[in-house]
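If you read the sequences in order, they're chains H and W.
Heads up: the first sequence is residues 1 to 141, going by my numbering.
Heads up: the second sequence is residues 1 to 156, going by my numbering.
Read the hints as simulated data drawn from the structure, not as lab findings.
Fair warning: this is a prediction, and the values are worked out from it, not measured in the lab.
Just to be clear, a hint being listed does not mean it is correct.
Covered by chain H, per the in silico footprint, the following chain W stretches (three or more residues, Cβ under 8 angstroms) [claimed, not checked]:
1) 5 to 12
2) 32 to 42
3) 73 to 83
4) 106 to 116
5) 142 to 151
Some but not every residue of chain H turned toward chain W, in silico, with C-beta under 8 angstroms [claimed, not checked]:
6) Ser2
7) Ala4
8) Leu6
9) Gly18
10) Phe21
11) Asp44
12) Leu56
13) Val58
Backbone N, C-alpha and C fix where the C-beta goes; we use that ideal spot for every residue, glycine too.
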Amino acid sequence: MSGAGLMLARSLATLAAGALFGFGLSVSGMIRPEVVLSFLHFSDFGLMLVMGGAVLVVLLTYKLAPRLLARPLLGDHFQAHPSAWNRDTAVGAALFGVGWGLCGVCPGPAIASLGAGNWDLLWALAGIALGALVQGLRARA
Amino acid sequence: MTLSSLFPHGWQHYLLGGVLIGAGTALLFVLTGRIGGMSTVFSSSWSFVVRRAFFQQARFVDSRGWRLVYAAGLILGALVWWLGFAGGVREATAVPAWQLLVGGFFVGYGARLGNGCTSGHGICGLGSLQLPSLLAVLTFMATAFLTANLAARWLA
């Protein structure tokens with residue numbers, strides 16, 4: 001495949017993967033803040049099944065794909081994103097939870113809900129974008 | 001405790017949706033090798049307009065294109081569901097705008113400071129068996145439970 005053709009194929013693959021993700025968020029009700037909040041209020045444990053189902057599929061894929069394939073079908077190598085446990089991760093996760101508990105919206109659903117005509121969540125989307133901006137402006141670069 | 005008390009609205013769509021979310025993340029990995037957390041797009045996209053060195057890091061500039069495409073895919077997938085499976089009735093929420101905005105601010109600030117959200121630490125991090133991500137998930141679940149229940153008591 002030519003360079004430009006490969007670039008296009010990669011973009012389409014990324015779009016399709018995102019679409020599957022967004023479709024799943026919608027099917028599972030995660031684009032509704034009320035569903036997330038009902039989990040956080042212990043009245044509906046569905047979110048555990050959503051997380052569990054997603055983690056299981058990803059766990060198998062992250063384990064098996066690098067063993068079965070020399071490289072991704074449209075890429076040159078399998079990437080890794082090591083996470084670290086430090087003060088920033090701890091404080092960041094704690095603040096993320098405070099925000100999530102207050103509004104019931106996390107980054108994926110904030111984006112996906114636009115596709116379902118939920119303009120209310122533009123407030124959350126704007127908040128997330130602002131929060132990310134302020135974090136970057138305060139960070140040591 | 002019965003199944004219907006844990007899942008008063010049924011459980012099948014939750015599991016199916018979760019598997020589909022995982023399949024999207026898995027497809028991205030198998031086809032492109034990319035790790036598809038969702039919160040980084042909120043930092044990488046600022047690199048288009050903010051010159052500050054933090055936003056001009058290679059990890060943001062080099063991935064900002066595909067991350068926006070991935071985000072567009074999210075919207076497309078929800079649109080297909082909305083038009084094809086949900087009758088096109090516009091989604092709405094009763095959560096007040098100020099709560100969405102303020103909560104969103106903490107979600108964005110916290111996810112970027114902590115390098116991950118429900119998909120980055122939750123799905124990708126747990127999916128690659130990383131202990132720091134498990135600790136992050138337990139931390140945000142704890143503060144989310146606390147905040148949601150206090151908010152329900154004080155704000156309702």
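Given Ala4(H) was flagged as interface, is its beta-carbon under 8 angstroms from a beta-carbon of chain W?
The hint is violated - Ala4(H) has no Cβ within 8 angstroms of chain W, the shortest such distance being about 14 angstroms.
Quick check: do three or more residues in the segment 73 to 83 of chain W have a beta carbon closer than 8 angstroms to a beta carbon of chain H?
holds (count 10)
Using 8 angstroms as the Cβ threshold, decide whether Ser2(H) counts as touching chain W.
violated (17 angstroms)
Would you say the segment 106 to 116 of chain W counts as covered by chain H, given the rule of at least 3 residues with C-beta under 8 angstroms?
The restraint on the segment 106 to 116 of chain W holds, since 11 of its residues have a Cβ under 8 angstroms from chain H and three suffice.
For the segment 142 to 151 of chain W, does the count of residues with a C-beta closer than 8 angstroms to a C-beta of chain H reach 3?
holds (count 9)
How does the coverage statement for the segment 32 to 42 of chain W fare against chain H, requiring three or more residues with Cβ below 8 angstroms from a Cβ of that chain?
holds (count 10)
Interface hint for Gly18(H), Cβ within 8 angstroms of any Cβ on chain W
OK, holds: Gly18(H) within 8 angstroms of chain W, min 2 angstroms.
Verify the interface restraint on Leu56(H): the C-beta must sit less than 8 angstroms from at least one C-beta of chain W.
holds (7 angstroms)
Have a go at the Asp44(H) hint: is there a Cβ in chain W nearer than 8 angstroms to its own Cβ?
OK, holds: Asp44(H) within 8 angstroms of chain W, min 6 angstroms.
Status of the Val58(H) interface restraint (C-beta, 8 angstroms, chain W)
holds (3 angstroms)
Hey, does the Leu6(H) contact hint survive, CB to chain W under 8 angstroms?
Violated, about 10 angstroms.
Counting residues of the segment 5 to 12 of chain W whose CB is closer than 8 angstroms to a CB in chain H, do you get three or more?
holds (count 5)
The earlier numbered hints that this structure contradicts are 6, 7, 8.
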